[in-house]
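Asker: So you can see what is in the structure, the chains are spelled out below.
2 protein chains.
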Amino acid sequence: MSVEHKDMANAIRALSMDAVEQAKSGHVGLPLGMADIATILWTHYLKHDPADPAWPDRDRFVLSAGHGSMLIYSLLHLTGYDSVSREDIRNFRQLGSKTPGHPENFVTPGVETTTGPLGQGIATAVGMAIAERHLNARFGDDLVDHKTWVVAGDGCLMEGVSQEAITLAGHMKLNKLIVLFDDNAVTIDGSTDLSDNTDQCKRFEAAGWATKKIDGHNTEEIYEALEWAQKQDKPVMVACKTIIGYGAPTLAGTGKAHGGPYGADEVAGIRKNIGWDHPPFEIPEDIEHAWKREGAHAQPLHAEWSSRLAASKDKAAFEKAIAGEIGDISAVVSAHKKAVVEGGESKATRQWSGAVLEELTKAVPEMVGGSADLTGSNNTKTKATEPMTPANWGGRYIHYGVREHGMAAAMNGMSLHKGIIPYSGTFLVFADYSRAAIRLGALMGAQVVHVMTHDSIGLGEDGPTHQPVEQVASLRAMPNMLVFRPADGVETAECWELALKNQTGPSTIALTRQGVASVRTEHVEENLSARGGYVLSPAKGDEKVVLIATGSEVGIAVEAQAALEAKGIGARVVSMPCMELFEAQDAAYQSRTLGGELPKVAVEAGVRFGWDRWIGHDGGFVGMDSFGASAPYKDLYNKFGITTDGVVAAAEALV
Amino acid sequence: MSVEHKDMANAIRALSMDAVEQAKSGHVGLPLGMADIATILWTHYLKHDPADPAWPDRDRFVLSAGHGSMLIYSLLHLTGYDSVSREDIRNFRQLGSKTPGHPENFVTPGVETTTGPLGQGIATAVGMAIAERHLNARFGDDLVDHKTWVVAGDGCLMEGVSQEAITLAGHMKLNKLIVLFDDNAVTIDGSTDLSDNTDQCKRFEAAGWATKKIDGHNTEEIYEALEWAQKQDKPVMVACKTIIGYGAPTLAGTGKAHGGPYGADEVAGIRKNIGWDHPPFEIPEDIEHAWKREGAHAQPLHAEWSSRLAASKDKAAFEKAIAGEIGDISAVVSAHKKAVVEGGESKATRQWSGAVLEELTKAVPEMVGGSADLTGSNNTKTKATEPMTPANWGGRYIHYGVREHGMAAAMNGMSLHKGIIPYSGTFLVFADYSRAAIRLGALMGAQVVHVMTHDSIGLGEDGPTHQPVEQVASLRAMPNMLVFRPADGVETAECWELALKNQTGPSTIALTRQGVASVRTEHVEENLSARGGYVLSPAKGDEKVVLIATGSEVGIAVEAQAALEAKGIGARVVSMPCMELFEAQDAAYQSRTLGGELPKVAVEAGVRFGWDRWIGHDGGFVGMDSFGASAPYKDLYNKFGITTDGVVAAAEALV
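Line order of the protein sequences matches chains W and G. At position 227 of the first sequence (counting the first as 1) the number is 247 in my numbering, and the numbers step up by one without a gap. At position 16 of the second sequence (counting the first as 1) the number is 36 in my numbering, and the numbers step up by one without a gap.
Hints in this document: simulated from the structure, not taken from any laboratory. Keep in mind that a hint or two might mislead.
Treat identical chains as interchangeable: a pair holds within one or across any two.
To be verified - Here are the simulated BS3-like pairs of lysine-lysine, each with C-alpha atoms no more than 25 Å apart in a straight line:
(1) 233 - 222
(2) 222 - 587
(3) 254 - 587
(4) 193 - 222
(5) 44 - 659
(6) 654 - 44
(7) 261 - 222
(8) 587 - 292
(9) 654 - 521
(10) 233 - 251
(11) 403 - 276
(12) 232 - 222
(13) 254 - 222
(14) 251 - 292
(15) 358 - 403
From just these sequences and the hints, can you work out the full model?
Answerer: Next comes the structure, spelled out in structure tokens:
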């Protein structure tokens, strides 16, 4: 006897409410409301293989409303993924379980991306859908042809990042992106009309999407909508009218249904209302079997795909791309560094970045670049990277528009999808716009390179709104983030090499607008930046002070070194392009490099915050202790005292 | 003979292009394109008085596309504001001028808000428009009845924050908010269709706005639209089709027209095309006179308003509100602290915050609260603050929806408007969403209080996506921001008092989700938090180590102190609720408080970054060096070693 849809959906509901009751925390409102849709999607349409969560051509499923994590844990468990056992569901939200409060891709195979911060899921999914189209262009329908499905809630759609994602997706005509909007009209504070009256379908249509409204509990409408959604020539949003906390006698449809355990009485009431009389955490065998069977509906497609891959001439290239192997770029970087030193030019590090990117994008076909409408300023566009458009999906450069946040999230999505190493540019100060997505990349360990130019008051006339002073520090504070601030052409190439080799997290490369002196003219055969900090120029004569600098200020430190030596004060210059990598060195190297107990002066056109670790409370600091100002950059360096004289004075005060 | 519209608009164009040529930098594309609209607005509709930029009932004009700053400098100069002289225009973008690269309200009277980071202006304007409606409800049409005008560009509308602003404005039916969209179809990278195809009118309509499209160079259509715009019962967006770089022979209408000096030939071509044959920076007398005369069109309204104010029974209250005088809240805070200590309860600091807010919102009618859909979690709603809605503008609580960024920007707008002291809540980790607006508030010196609850792994099961570990550090890195992390009920009240007295910038109050021990039971008559850090508990016996802690970790430090003393190791506990205020103390106080050279251990459930300033490179640190995890919070404190034993071990390692 076949198992009814209702029973299968109720299995999700039961596991979800039992887990939340057991944990005494969590959000059961969404799983109760979205169970009908999720059941049909996962058993009939979602192309996935519970036996292989890493199948490259699987459909991606993104629970943007991540608080409803029990929905995805129930689905993974019921369809037979190894990653979520019944025991894991009993241990929902407990230490070390595979079922954390919000879905974490690095904990639970089958979870495509970490969600919870609202709006991130839908924006990340846009990146996944872009990656699919790009890799399809590169490898063909045989190897890459899948969809990206998103479940998003009211909260996701209120977040600004969703607008950036939606308009980018509409612009790019991502027709294999399908958003299922859990239109339950409730947020934490209560009914959505406490804070919002947006006509969401109209809004998506304005961005070039196809939309449809359905009753999210009517199976016929669900089937019809999911069929329809796959046939559009643009991205699709289906507004699914659901009842949050479906079945709950007193809470269904209310703000209180959003989260928290409902309590024994309410849960008993749900059991009665939905017709589920099985004990907590128990699923009748026939329902369990039906789930396993129907959850495996796409396994034959996986087998066919594997055959195609085995026969494909692109097999090696495809597997290399998916594995994220970048090949040996050392030779490319070394040759470039040698040429830089021989050329002897002074340029802005953003220009040096552009120059080495010309080489790297030729050598690494997985690199896909872009900019948030600052292409000419960020120097991220290279000859090898043609614009990616619906007419040319094989292009490797994305005009992201003025959408820093959506861009950073989309890059996370490309990285998680695999097959692409995304990089993109904006001004460093606008890291503040994208920080929530940057952080999520760091948490997920996603390889993404954030090119951040115009990295200090050195950008000059645009003034304090555009001048980062605390952004380098604030990014250094973030776990699992490498922040690079190279001094010249050689270090810029080295930092790019390190960023490409940093495959377990994001890298930020802070670059100047203004020209900088060439300071690293020796030992270019070695990547000295790899140690984070190194002695760029040892003291001549009696060493009394250590100057530590980064980026555009290394040249100033070198000038100050000469001025100090003229006064009989020996000084070394330490260049510190990456504080995190320096922190990772052993104490002996750190101490040797920083001259042991010698007094120290740090020079960086940013705030002191964080520097005392290396210079001490009484160390000298030449940098910023306020916001900047609008003027030509040399005037600003003088105004704020970030000058050779300033460094000399700070050093003299210590010796 | 009357001066023609064309000549007046051309005066803006001429000053703008001459200034940009002189500075060799800046953005003249927008002023050239928007000159027609701006001329008509400022001479016929904008209610302003060049003689008094601080007139409280003036219309607000916000140039959201702040890069076009020469538009507003030209307008201020031409209509006769003292703040912008011809000399200032010649000194555009130079050090110390009144004409910085982007408009800065703290530099140039007549500039309402600092813009440049795209989307911030429109979002800030929403706050101004809210403030107007609220103060209108409080003081009546006689004293408060004005409009908020915004000029926004494509870039502003691509930024996600604009969506939060637009949907909030639509929800609140802010019918006195009028956005003039500079629909020039060009961004820096080129034509907007490189990155966007949004139907902006449809998008605004979906959010409940009235919209209209006009030719932005057709004076008749402009007059008609501005008349129409003032008669709607909802916010209004007028899409003004303009030509960026209007008049430029080769650049008009192209991406290159956006910014940078056009060069002598192009500028000569503009002069010819627009019919302006006067030398650089020179305006014919008749045109100058016409501008002065018509710029003063609203001065009679100001005089009438002043009479009404003089006669108003609300004069004193109104002036007090506009001046931001909060009266003496010390007594309220003191009484509250006394009651807290007498009560002896253990609560979460978010609850303590809610409790003191009950008192403060009664005492300070200018306080307007809110939350980004976390009202019950943030404890920001009090009895004195009823929801503010179109039906009850006098309400003092805003359900901001899931819009952290728009909320922070709107708070900036309320603060700049004057008459309101805004505070609002979200989770601390979501400071990452609103950071760009928080920073702008710090730059502008706007009094805003960011209540940030759930301030560490102490939030427990929601996991690492929701657990701030680096946010406190990243906010401490920001200039002109006070970051408070109070330990208990007494300190929470003290920090609120300090935040309300901090009228020259934003304050962030980081608060726990979990209950904390009451640690401050003595000296409650004094606000000890005002010094940033203080000795909470001196060592008993032979002092060998100093424990410095903040927030929820102060209780752990106090326990560790007892455990250490039981082992014969004397330890003091320093509570440091505000690192910035401690930094502001003199060196003697700092050293005395921190026990001079005694070894130190800091305890904070966040990253170490920044702490070495107080504990030294070799100091002990008990906190986080990675992202968190999902589990009940006590399990997490154990997992990450933030425990009494952990502190004891760290201290023992140093003595």
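Asker: Run the structure past the numbered hints and jot down the numbers of the failing ones, going up.
Answerer: 2, 3, 8, 9, 14
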